[in-house]
Amino acid sequence: MTDERGLTRREVLAALAAGGAAALGVGALLRARDGSSDDDLPAEAAGALKALGTAVRAAHPDLLDDPAAVGDLDVDDVGADPLGALTAARPRIEADYAEGAVLDVQGWVLSRTECVIAAIAAPA
Amino acid sequence: MFRDARSLTHGERLRTPICVVGAGAAGITLARDLAARGHEVLVLESGGLDYEEEVQALHEMEMTGRLFGPADDPYPVTTTRLRYFGGTTNHWAGYCRPLRPVDLETRPGLARSGWDLPYEELARWYPAATEVLGLSSDRFDPAHWAEHGHGPPLLHDDLVETVVFQLSPVNFGTRYRDELERSEAVTVLLHANATGLRTDESGRRVTEVAVRTLEGGQATVEAGVVVLAMGGLENPRLLLASNERGGIGNDHDLVGRFFCEHFQHTLGFAVVARPPEALAAYHRQTHEVAGQEVTVQSALVLNDDVLRREGLLGLEVQLAVADLAGDDVPGTIDGPTVRDLGAVLGAASAEGPARSVALCQVFAEQELNPTSRVLLTDEVDALGMRKAALHWDHTDLDRRSIEAGLAIVGRALGRRGLGRLQRTLGNLVPGEGEGPLGRIDIDPARATPDFHLAHGNHHMCTTRMAADPSQGVVDLDLRVHGTANLYVAGSSVFATPGVAAPTITLVALAARLADHLDRELS
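Chains as they are written, first to last, in my numbering: chain A, 1 to 124; chain B, 125 to 646.
These aren't lab readings, by the way, just hints derived from the structure by calculation.
Please read all numbers here as calculations on a predicted model, not as lab measurements.
Treat the hints with care, as some may be off.
[Stated by the list, open to error] Cβ-to-Cβ under 7 Å is the rule here; a few derived chain A residues that face chain B:
| id | residue |
| --- | --- |
| 1 | Ala43 |
| 2 | Ala45 |
| 3 | Leu52 |
| 4 | His60 |
| 5 | Pro61 |
| 6 | Leu73 |
| 7 | Asp76 |
| 8 | Pro91 |
| 9 | Ile93 |
[To be verified] The calculated label-pair distances, taken between Cβ atoms and stated as ranges, are:
| id | chain 1 | residue 1 | chain 2 | residue 2 | range |
| --- | --- | --- | --- | --- | --- |
| 10 | A | Asp77 | B | Arg524 | 47 to 57 Å |
| 11 | A | Glu99 | B | Arg369 | 34 to 44 Å |
| 12 | B | Thr331 | A | Gly100 | 17 to 27 Å |
| 13 | B | Gln416 | A | Asp66 | 57 to 67 Å |
| 14 | B | Arg433 | A | Asp77 | 30 to 40 Å |
| 15 | A | Gly47 | B | Gly559 | 19 to 29 Å |
| 16 | B | Arg524 | A | Ala80 | 35 to 45 Å |
| 17 | A | Asp66 | B | Glu412 | 31 to 41 Å |
| 18 | B | Val553 | A | Gly71 | 30 to 40 Å |
| 19 | A | Ala80 | B | Arg563 | 40 to 50 Å |
Every residue gets a Cβ at the ideal spot worked out from N, C-alpha and C, and that includes glycine.
Only chain B is shown next, with the shape it has when bound in the complex (with noise of 0.2 Å):
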């Protein structure tokens, strides 16, 4: 059922065995999961049923580091995160595919790499992740996506492979709004924003969730278990402000540390020995499975003993596929032009020459950085809640491992006369053309080594999961080490942020969390 805490009586106190604070994509699976297991759960959520400008507001905060766009353009977590039921999967573009076992493992050169949960144990929870999701499959793989009539990869080798996204066309909000507005079992109680935690004497046991609202009004949830489900600014946002000896769970000082983003930026052009139709794997296609549409998309990774040779981060490639001979083409200020790689690739390599130029947008893994983290300012918000600062930086690792992978790509492309790839680190500037592609031109007088790059809003590893609480803030259980019956949810739990869209992941995680709270509470 829904209420509303701005109709609860100033003061009111709620009990409840379970609450999770947060109805997004892993605080409803959450509630879903230990409701139809048979538990009563109350989700404290801090926006309504659909978008208000005042509560979005409560977003807002400090950021700084060496990664923002332009003064009137800054990393926007206020806009694409959502603080509303359903959460960012309100508007998010739905692509989902698995961390594979390369991300999880400690690998040479990597400090921090490795995740002390073994994959098998992830992986047994994508089966529930993709049912949630409503994905016809857990396969991610381009043979079995073959069978369905997507097109075949363009690398599949050992220095680059092909993975198949799948798009989930679930909106949390709207997929499960009636489920919930049904269920004897959760209560969801909108408008009720979680300003601190409280606990007992010993520090060990949270006791009480204080609750208020943009009214001015206050309550107090006595709970069982508490999960912290909000995404992860605020998941660390709440640790921090919940005690005055420095958060609840920071006995090591790592809760907010370690944040992590996929950088996403245009960083390449190929051009390539294929017509554009025999690229069309990496683009938008919808198949028909037992009866379901399906869309999904190809993108290139890096081979996983690549990553483990060479000692980088992940990357994926995205391609988006133009001809050669139409006008969509990037243009060059100085140089040779993609027009002459391809007509040098006819002389070059047995595949005849380009004909078709692919747009690479990168998606790239960052290592564990201690200093870009989330912490408190002195300010406070709307709620008199003290407003959370972020620090984000990137390494020379984070650049080293984009350009370092782009240019295997390109090495995978020539040494199968496929094509060819130039990387534009900074060089972008507008174009003259019409289409997306024929937007851009490449100017080479502006390569630079400190490119820009932006971001994919995945915010990850800011409450990491670790055996060791000397090293992580929640344990494999994800609890949050040194307490009883704290708990957290999401991105934030993760180790390592892998290079794959989080989502499947955290709601594999959070089906993993219910399956332990069930056996908990049992």
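So here's chain A without its partners, still in its complex pose (with noise of 0.2 Å):
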């Protein structure tokens, strides 16, 4: 199902994810619709992130200590907007999978930078 400007969730969701949500406007964002509820979508995400911080901080408990992993990510500004974190980190998380710089969580195979954000969304 789409919106009347012919937007789906899941494009709302990509449109986020590339950082274009601001270019959208929070009325496209909250009209979208699949089936679910309009504002549950970020809230899905950001439940998700948490999630798997849970389980990287649970695998690699040390991951927010090591300065090559946490790199230039302001630990504040991550915790503030995580989701945004992890979009504006894409080229980096690409790069972490093209370089091999990626951990095992529970099997999954992740971008080291994408963990620690993960790991700093979740509650310690």
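Two chains, two frames, some hints: make the complex.
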């Protein structure tokens, strides 16, 4: 199902991933439909990121103490908007995969950067 | 023509220029090809034209090693091979894909890797195999099949490539039965079990094949040339059982060693930012090519340079795809779910959130391990022939290659923002969903470094090919080292297993052997 601008829920999420939420406008985001409520979408992704972060913390308890892993990520900024940080870090995440900077989290092969962001997003 | 050994006179002697032992894919290919070149061939087949329980029981063997399943479902070598006309093609799935050049290369870090046979020489015979197997083309690349409407590859780059299988519709037992029944050049002797090879005094020329029936009948075949085409377990068994000096062709204690399989198991899931229909190429698809319906299926393999650089064994991943929004999604007992990772992907990737979940069915190459081998026991079967025993093991490199190979597939997905992959090494437990994927849950606590590996029922390398007699049982012409007229056909001659299903390659090698014998005998 689409809204009057032809946007599906997934397209809005894709736009969010591309940093395009501001361009679309919050109204467009809230109007997007595919059968679930509008405003639980970011919450769904945020909840998923926290679940992942909890697993990251369990598997790699020292990750946030590793300067090489944290790099120039600002923990406060990431904590305030982890999904936004994830989107902003997309080139770095893809570079992690290209270079083999990946971690095992319950079998998931994950970029070190996205693991750091997930760990910050999860309650300690 | 067909004859039945049970109708022979007890002690009857048969004479033939060429005796092929075994009427499976390799034996039938050889017999047809040689007959077409004007040669007379006698084919010995243990079974009849249909399945018979007491014949099949001749496959029973003792097994040891670390790789077998639960006690009530051990490695099923008795039932997965079929012992009647047509052999195991009577129930094969038909998957065909040639080996790639890298499969035949000597690769750094892999002991005994590489074939002495140049790839170009093997590749020369794939078109003949294509014809025998009823395939429409000798092309197996996604670009070719895209021209026939096959879907685009998900990955095809310098980490992970997409390859395309063709599925052969040919069951050798039914496809070639009438042809061989009408043939004047080929005699297929049914219910004829080869129980031993006899040599002249030098031990270098096979003069006779001893034949027995389950009814107690005995016969002898005098042959100018003998070709063993009984499969990767029975070929070494007959060689080992054929004299009192440790077996024919066994001067270097190599007959039966290096048994290899293709590990085959569900060892991962991927969430993918593409709808299921965009991944349709990874399921079986039927296309019309020149008026013929052809079934093909894509799969992922590691790029050749990755194999060389990382020192890994080959890995192939077939995908079973479901909609991530549907009910057929694997669960997770604890920790992030596939849906969680799908949602996270939406923020982390320009491709958007995941829309599909793909079960990763892994097919993996084994390294050559001399302790994995076929041996003889002191127990005898219903024919009085010593039974075989199989010791089959896996190595650290076998397991490490699967783990590392799946991680590379995960990296390839992540690098392009296409998805995330979970390795489920030993974590799978019964789930509650209805669909094939939904019947699986993942329990992180059950991950194990010694994860169970199932099998593809491909028996390879037990009479491996090598130019040097100290490294292999047969030479590059597939003649048993140290003999003048004894040859072996089938996947037991593979120098290394590679990662593709073996039938098209063993048929290609059988066609090449027919050409060699034709030149030798002419």
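Hints, one by one, checked against the model:
no., hint, verdict
1, Ala43, "violated (10 Å)"
2, Ala45, "holds (4 Å)"
3, Leu52, "holds (4 Å)"
4, His60, "violated (13 Å)"
5, Pro61, "violated (15 Å)"
6, Leu73, "violated (14 Å)"
7, Asp76, "violated (19 Å)"
8, Pro91, "violated (10 Å)"
9, Ile93, "holds (6 Å)"
10, A:Asp77 with B:Arg524: 47 to 57 Å, "violated (39 Å)"
11, A:Glu99 with B:Arg369: 34 to 44 Å, "violated (57 Å)"
12, B:Thr331 with A:Gly100: 17 to 27 Å, "violated (59 Å)"
13, B:Gln416 with A:Asp66: 57 to 67 Å, "holds (58 Å)"
14, B:Arg433 with A:Asp77: 30 to 40 Å, "holds (38 Å)"
15, A:Gly47 with B:Gly559: 19 to 29 Å, "holds (25 Å)"
16, B:Arg524 with A:Ala80: 35 to 45 Å, "holds (41 Å)"
17, A:Asp66 with B:Glu412: 31 to 41 Å, "violated (56 Å)"
18, B:Val553 with A:Gly71: 30 to 40 Å, "holds (37 Å)"
19, A:Ala80 with B:Arg563: 40 to 50 Å, "holds (41 Å)"
Violated hints, in rising order: 1, 4, 5, 6, 7, 8, 10, 11, 12, 17; the structure is consistent with all others.
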